[in-house]
Amino acid sequence: MQPLDNIASLWYFLPESVLALTFVLIFLLDLPKRFERKRYLSPLIAAIGLVLAILLTIYGWNFPKARVFFGMITVDPFTNFFRLFCAATSLFTIYLSLRSNDLKNTTAEYWGMLVGVTIGMGVLAASSNLLMIYLGLELVSILSFVMVGYLPGSRRSAEAALKYVLYGATASGIMIYGLSFIFGVTGSLDPIQIRLFLQENPAERATLFVGLLMAFAGFGYKVSAVPFHMWTPDVYQGAPTPVTAFLSVGPKAAGFAIILRFVYTALTQYQDGFFIPLKYIDISTLIGVFAVATMTLGNLVAIQQTNIKRFLAYSSIAHAGYMLMAAASLNTEGIRGVLFYLLTYFIMNLGAFGVAIYVFNELNTENIEDYKGLSKRSGKGMLIAVAMALFLFSLTGIPPTVGFVGKFYIFTAVIKAKLYWLALFGVANSVISLYYYVRIVKYMFFDDPADDRTLVQNVGLVRMLTGFAIATIVFGIFWKSLAVLTLSSANLLL
Amino acid sequence: MQNFPILTAMTFSPLLGLLVIPFIPKAKETLVKWVALVATLPALGLAVKLFFDFDRASGVIQLAEGPIDWIKPFHIQYYMGIDGLSVTMVILTALISTICIIASFNITKQVKGYFALFLLLETGMMGTFVALDFFLFFVFWEIMLLPMYFLIGIWGGPRREYAAIKFFLYTLVGSVLMLLVMVALYLYSDGNTFNIIALRDQVLHLGPLKSNSFRVACWAGLFIAFAIKVPVFPFHTWLPDAHVEAPTAISVILAGILLKLGTYGMLRFNFPLFPDITVQLVKWIAVLGVINIIYGALCAMAQKDFKKLIAYSSVSHMGFCLLGMASFTSEGINGAVLQMFNHGTITAQLFLIVGIIYDRAHHRDLNGFGGLATTMPRYAVWTAIAFFAALGLPGLSGFISEALVFLGAYKNWPGLTAIAVTSVVLTAAYMLWTMQRVFLGPVNEKHKGFPDINKREVLCLLPLALIVLILGVYPKPAIDMMQVTLNGINQMLLPYGGKVASILGF
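As they're listed, the protein sequences go chains A and B.
According to this note's numbering, the first sequence is numbered sequentially starting from 71.
According to this note's numbering, the second sequence is numbered sequentially starting from -7.
It is worth saying that the hints were derived from the structure and are not from the lab.
Beta carbons: idealized from backbone N, C-alpha and C, even for Gly.
Accuracy of the hints is not assured; some may be wrong.
[Said to hold, decoys possible] With a cut-off of at most 25 Å between alpha-carbon atoms, the simulated DSS-like pairs for lysine-lysine come out as follows:
{"id": "1", "chain 1": "A", "residue 1": "Lys442", "chain 2": "B", "residue 2": "Lys101"}
{"id": "2", "chain 1": "A", "residue 1": "Lys512", "chain 2": "B", "residue 2": "Lys104"}
{"id": "3", "chain 1": "A", "residue 1": "Lys488", "chain 2": "B", "residue 2": "Lys104"}
[Claimed, not checked] Some chain B residues flagged as far from chain A (calculated, every beta-carbon gap over 10 Å):
{"id": "4", "residue": "Leu36"}
{"id": "5", "residue": "Ile283"}
{"id": "6", "residue": "Thr366"}
{"id": "7", "residue": "Ala410"}
{"id": "8", "residue": "Leu454"}
Please model the entire structure based on the sequences and the hints provided.
Structure representation (structure tokens):
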């Protein structure tokens, strides 16, 4: 397909363009003195920009698939899915940030950067050029570094940001070095050209493998796959909780987008629903091994955590493992599996972080032990505890919650790919995960609270959590709409 | 009323109660209890209607609702129906649920939560028995887990948290294996279907299902999932903990209904979907059944805790179901399902009886009672009925099903059956010994003032005892309902029976 030139491309780039304007607007409107006291102005503009971006994405949903900006970027239903997903994540993050005590005194830059990251995630998901992948990744990373360090005066937050920067710099350095290997072997930066080249010439196996492995350092870092996960617990713990919630959903999704796009376009050949790995490149086993390591480590280490944010960090590592499992299956079901799982993960993980924010606001604690007797606290105790229990059961994957459907999708893909060993590791991990998720449920319902503080404030957050909890159940039973959405989105331009 | 969806109504009517209960003020505990009771009544009433309406001459699915598309892209359907295998279980579920609500009227802790979860549990159980779509079945199967976990964990005995998580983990291990097999069956069936009837009616041969080892793996995945629920030795260790720690009514549900889901699942999935593998491996089902029978009885004999004794007696009695299923005879398989029903009614009585004495004595140490026959004479009579039914006294229902199982199993497994028959003596031994320790001998001073069994407790026991008596003399109504279907399942195995002769080594 002929790539479009810059002017013709703009039409396909409307959501990002609107977000870029929003970004500029937020910073400009922060300058005049008379807007100084209007705290809600910048988040409002950011929200409007994001909603516009969502509407424009929906408007452009049925555009033909196209390679724009001379092939640097590909716009297809797959891209649009991630545009929607990431914009929605940012939108909810705005809400969570406004409701969180962590971020009471934010400045306009915070909201601006959130919009900036959203552009980055969209670009990353859409990039079809190795250099563009690198640019997208950096755009997301650099802005996230700043957001992580956004707690003024908090040593933990500063430390987290520093760690994130160091790891991020290392990972992206290794990645671009690896990409140069791939370029050196194949002579192209375009995934499709790379595939065509590799089909013709069974290339230098060793060099290419090293290059791929190094490229995976960058991708793995974004989705926090083992062994590139080390930053996750510290950063998740140190960052302001809404930022943690955001990082665990948005950039992770963008990371998966680029893994899928790169692996499925550059390293496999499509045939009747299966993506057949090219000769000499057993990419499926490679990702499968990453998946097993990631989910096993995440689950085993999560068992011992005492801080809710670290706990959710390891849980998010484990979930990255589940999604990698679907990515390893190299079939259409695999793409659908990842997309669907991201949707479910969006609901249950933002929900769980929402509860963490609520409890921190009300009881000023991040300690899991302090969740004891949450259901027995007067006020909203029972409601919050039930919502949290639903999110946790959903993360475990127990019907009738939406998390189960996600697992179902993933196992369908894995079994269709005949990766039975992977499926067995997957189910073993589900059982392990029950053990630690249920521990919090046990604290909330079986134990008694240590004091008689009540949960009465913050009605807005409670409403949002109730909505998420209802969504967990409703989409767990009637997930046809989500199924249709992922079915149409699992459509890459090859 | 021609097209009234009876099964849907039976399944979801308890949920109506669940929707009402949160809006009742906390102080009105009695109202909560009555709402819960009323919410179980539609299912019970419809169960009675089922008993009369069920066409006993037909072996096909009756009262089918659906299949209606639920999630179309995946061919997941809402499909319910009953046949001779499930109809008795549906009736049992409706009956035991209502009885257990009555038996729970003395709950005082977090009343709203208890009854709400209980009703959710009933929906899960009922749905599992009537679902004819594998996906739907799986969802109901797992829905049961959540309320059960809370019911044991919040309202249970001293080691409740350990028992609850153990129960949850064990069952989840089984469920995830079942999930994998379910997906495999879906991917490699004609027309990619979850429809159990469609799966049953086709010979599963596509893709990897061609290979015998893959079929064995699928069979084993399903079998382990169900074996954990039964529980079959060596997967039984969750049972004593869960049964002992659970509150009385929940023990009744566990033993009376949940265990049956295991054997039900085997007959619904393992036998019809993989008849060839079932025949290959049937020897092991029979062996495991006999181990369950003997091992359960011996464990029961060694117990000092009244409730633990009853729990192990369940392990023993469920072994009869396995042995009967594995016999390949009409007597055996009918005996097995009748045993499922009878064990449900008998063991429910036993757990209620333990609950009654525990409410008064606040302990269950068998050596700490004695002479209760003089303080609580009427209680002693009710206990005697249940105990004699459990040990298989002729004239009570337990005898009929055990005798049928022995008759059937003897034809194919004479050696194993001979071993299993010794359990009759063992069961009699521990039951009578328990009788003696609790009711005879010198009266324990501390227990002198105990009130005898009250009206509410009698109301719980009476229907069960009546069923035990009636089916003991006249089992025809129950057997008539199940036999056409069960003989059909048995017939499916016969074409593969050539292999049976060769493994008749015992």
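Here is what the structure says about each hint:
For the proposed pair lysine 442 of chain A and lysine 101 of chain B, the alpha carbon gap of about 18 Å is at most 25 Å, so the pair holds. With a C-alpha separation of about 18 Å, the suggested pair lysine 512 of chain A and lysine 104 of chain B falls inside the 25 Å cut-off, and the hint holds. At most 25 Å may separate the alpha-carbon atoms for a hinted pair to count; lysine 488 of chain A and lysine 104 of chain B exceed this at roughly 47 Å. Under the 10 Å C-beta cut-off, the non-interface status given to leucine 36 of chain B relative to chain A holds; the minimum distance is some 25 Å.
Here isoleucine 283 of chain B stays apart from chain A, with its beta-carbon at least about 25 Å from theirs, past the 10 Å limit. No Cβ of chain A comes within 10 Å of the Cβ of threonine 366 of chain B; the nearest lies about 40 Å off, and the non-interface call holds. The beta carbon of alanine 410 of chain B sits about 39 Å from the closest Cβ of chain A, which is more than 10 Å, so the claim that it is off the interface holds. Non-interface call for leucine 454 of chain B relative to chain A: holds, since the shortest CB-CB distance, roughly 35 Å, exceeds 10 Å.
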